[in-house]
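Visitor: Construct all of the structure, not just a fragment, from the sequences and the given hints.
Below are the chains, spelled out letter by letter.
There are 2 protein chains.
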Amino acid sequence: MSGLIDYQDLLRLTTDILLRGYGYNQKEAGITATLLVEADARGIPSHGVSRLAFYRTNLDMGHCRPGSEPEVVWETPVSLVVDARAGVGCRAAEWCVERTMGLARKTGVAHCAVRNSNHYGIAGYWAELMAKNDMIGTAFTNTYIAGVPTFGSRRLLGTNPIAVAVPERGGRIFLLDMATATVSHGKVELYDRRGKTMPRGWVVDESGEETYDASSFERTFYQTSFGGHLYVGGAGEESGGHKGFGLALLVEILCSGLSMGASSLETYPKGGPGGITHYFSASRMDLFGDPGELKDRVGGILETIRRSEKAGGRDRIFIHGEKEAEAREASLRDGVFLDAATKAYLASLAGRCGLGKTPGLEG
Amino acid sequence: MSGLIDYQDLLRLTTDILLRGYGYNQKEAGITATLLVEADARGIPSHGVSRLAFYRTNLDMGHCRPGSEPEVVWETPVSLVVDARAGVGCRAAEWCVERTMGLARKTGVAHCAVRNSNHYGIAGYWAELMAKNDMIGTAFTNTYIAGVPTFGSRRLLGTNPIAVAVPERGGRIFLLDMATATVSHGKVELYDRRGKTMPRGWVVDESGEETYDASSFERTFYQTSFGGHLYVGGAGEESGGHKGFGLALLVEILCSGLSMGASSLETYPKGGPGGITHYFSASRMDLFGDPGELKDRVGGILETIRRSEKAGGRDRIFIHGEKEAEAREASLRDGVFLDAATKAYLASLAGRCGLGKTPGLEG
Chain F
1 MSGLIDYQDL
11 LRLTTDILLR
21 GYGYNQKEAG
31 ITATLLVEAD
41 ARGIPSHGVS
51 RLAFYRTNLD
61 MGHCRPGSEP
71 EVVWETPVSL
81 VVDARAGVGC
91 RAAEWCVERT
101 MGLARKTGVA
111 HCAVRNSNHY
121 GIAGYWAELM
131 AKNDMIGTAF
141 TNTYIAGVPT
151 FGSRRLLGTN
161 PIAVAVPERG
171 GRIFLLDMAT
181 ATVSHGKVEL
191 YDRRGKTMPR
201 GWVVDESGEE
211 TYDASSFERT
221 FYQTSFGGHL
231 YVGGAGEESG
241 GHKGFGLALL
251 VEILCSGLSM
261 GASSLETYPK
271 GGPGGITHYF
281 SASRMDLFGD
291 PGELKDRVGG
301 ILETIRRSEK
311 AGGRDRIFIH
321 GEKEAEAREA
331 SLRDGVFLDA
341 ATKAYLASLA
351 GRCGLGKTPG
361 LEG
Chain S
1 MSGLIDYQDL
11 LRLTTDILLR
21 GYGYNQKEAG
31 ITATLLVEAD
41 ARGIPSHGVS
51 RLAFYRTNLD
61 MGHCRPGSEP
71 EVVWETPVSL
81 VVDARAGVGC
91 RAAEWCVERT
101 MGLARKTGVA
111 HCAVRNSNHY
121 GIAGYWAELM
131 AKNDMIGTAF
141 TNTYIAGVPT
151 FGSRRLLGTN
161 PIAVAVPERG
171 GRIFLLDMAT
181 ATVSHGKVEL
191 YDRRGKTMPR
201 GWVVDESGEE
211 TYDASSFERT
221 FYQTSFGGHL
231 YVGGAGEESG
241 GHKGFGLALL
251 VEILCSGLSM
261 GASSLETYPK
271 GGPGGITHYF
281 SASRMDLFGD
291 PGELKDRVGG
301 ILETIRRSEK
311 AGGRDRIFIH
321 GEKEAEAREA
331 SLRDGVFLDA
341 ATKAYLASLA
351 GRCGLGKTPG
361 LEG
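Top to bottom, those sequences are chains F and S. Per this note's numbering, the very first residue in the first sequence carries number 1; after that it's consecutive. Per this note's numbering, the very first residue in the second sequence carries number 1; after that it's consecutive.
It is worth saying that the hints were derived from the structure and are not from the lab. Here the structure is a predicted model, which means the values were calculated and not measured. Any given hint could turn out to be false.
The list treats identical chains as one, so a pair stands whether inside a single copy or across any two.
[Claimed, not checked] Here are the simulated SDA-like pairs of lysine to any residue, each with C-alpha atoms no more than 20 Å apart in a straight line:
hint, residue 1, residue 2
1, Lys357, Met1
2, Lys196, Met1
3, Lys187, Thr342
4, Lys106, Glu209
5, Lys106, Thr76
6, Lys310, Thr224
7, Lys106, Pro77
Guide: What follows is the structure, encoded as structure tokens:
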């Protein structure tokens, strides 16, 4: 049965599972649990505690090596290149973002390219963390191969998300956190399970031709490296598919190129480290003037848009990050929603780790 | 009659028109002519010499004030905020990019937010200029209002282009230069003139409903501030329209927010300065390692994509900037293509300025 579970209870349980069942140390377990629970709390279950299964696979396949500490391999007063040494992705990201912000506190701005890492949860969490510290934060990452270039047929690039956060007045944060792929693979799976026809702009088949048939797409997706996701703008150039592809390529260049790490195509080799690469940057708001005035100005721009006339049948224009911030507030108040499958999966993990009964998971 | 005109002849003519007919000084005329001719040479006629008409209107309406020099209003070792004082946009951009690169040469990285400027030509030129200097260059700008937010009906944001350039091996440059709007308004005008039905994802009508009818769209576009362009991903959220809208909003925040200048909605007030805002950043490649090795790595990533299997009926995957670089090479060799209307317009401008016959414009 699906239901709500207290945020702190879920955080504690997820931490305990990672500590006892995954061999993560305190720091690795704490930050990974935070990233997973935050995703569920914000209404992004694709990146929530159900990802424990993916993190398990990463351990079993030798992609992720808990206890492995990141190492700085290149440094300037405004930049870092880090080798995450196949460590836990969320911990590597935390380590890197802390150091990036540390540099930016001194110099105003810092970049960080990271190689040899693993999945670091929702990109938006890291960009937002910088914005909470009065910085413009960016967090990009490559991923497993998922998408096909414009006019190509082979999967070569990841879903390659972009997250950028800018502080707004009143403690609000503008948070653009988007896969450059049109949709996540989870959405395609959902359409397959429900037997629904996919909308335009999502995927191409093995010949590089756009397809709307989720079940035939799913049948071949794991068998071959041809066919895959499209990037925002869809197929071809007419509706801007080459733009989304360009953004995905930019993410690849900044993450994999600048870190000299694996490209999406090179990630997750059999038995080898995951190889995921990231790129972060932090720029202090006071580079541009008084932060209070700047945040007011950003707030003014966004407020004009919020208040503007709506399309027929619509009652709200959403600013990026608002839906998630509101979902998070509700989750903290009422509990975090988990579907029945995720609850059952958590309960089985807890059992295997010898953890006692967890409030909210029974029944 | 359309035809080819020698690059240097066209550059000289355009410079002379701006000097004699527009009251631009040497520096303003030189860089503006370069931007316009470069756009035609690269196969981007929407931003080519035909823009002289728009630049004329900007003078006549008091939006642009030649001779007005930019002024730094906020400065740190890694950032500048500049008031362009309603000067010529291309000259303001040149002034700012030179100073941004100057800071980056010292510190490694620099940001620049610019307010109170004017149209600065193709954004890609500025990002590319930084990449030619071994820096990762970004150039964003807001514009006149053109686009409608996801679930909105009123035009509030510009076409808000993003340009990012990264140096690749062999002197090549990865150059992503894209309006965040799906297409430029020129494309809609073309569909109207040809009586063609527009593809999905381009525009919405006054009620915020998607429309494919170019001629009915064009009839109302200049009459009201309702209805307008969509951003990459199209209408609604299903195919990622909120992502393109988010990118446009990010451009607005970085340009208008950080410079405390006009938002797209506030640009081009009657009789007032154009008010366009820009954002530039430059990050030296050697922040991340040896530039030669990094450029090799970037080149390797791109080469894998170039060589990958093509979709049915396609023989090439284009890396961003390649089409334009090849068109430029052909234009330098064979001459710059101008259509008949643009040639006639240039000839009439040259006549009005008392300029003699220009090779390539006769007949």
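Visitor: Each hint needs a verdict: does it hold in this structure or not?
Guide: Consistency of the hints with the structure:
{"no.": "1", "hint": "Lys357 <-> Met1", "in the structure": "within (16 Å within a copy, 83 Å between copies)"}
{"no.": "2", "hint": "Lys196 <-> Met1", "in the structure": "neither (24 Å within a copy, 53 Å between copies)"}
{"no.": "3", "hint": "Lys187 <-> Thr342", "in the structure": "within (17 Å within a copy, 48 Å between copies)"}
{"no.": "4", "hint": "Lys106 <-> Glu209", "in the structure": "neither (51 Å within a copy, 49 Å between copies)"}
{"no.": "5", "hint": "Lys106 <-> Thr76", "in the structure": "both (12 Å within a copy, 12 Å between copies)"}
{"no.": "6", "hint": "Lys310 <-> Thr224", "in the structure": "between (44 Å within a copy, 15 Å between copies)"}
{"no.": "7", "hint": "Lys106 <-> Pro77", "in the structure": "both (8 Å within a copy, 11 Å between copies)"}
The structure does not agree with the numbered hints 2, 4 stated previously, though it agrees with the rest.
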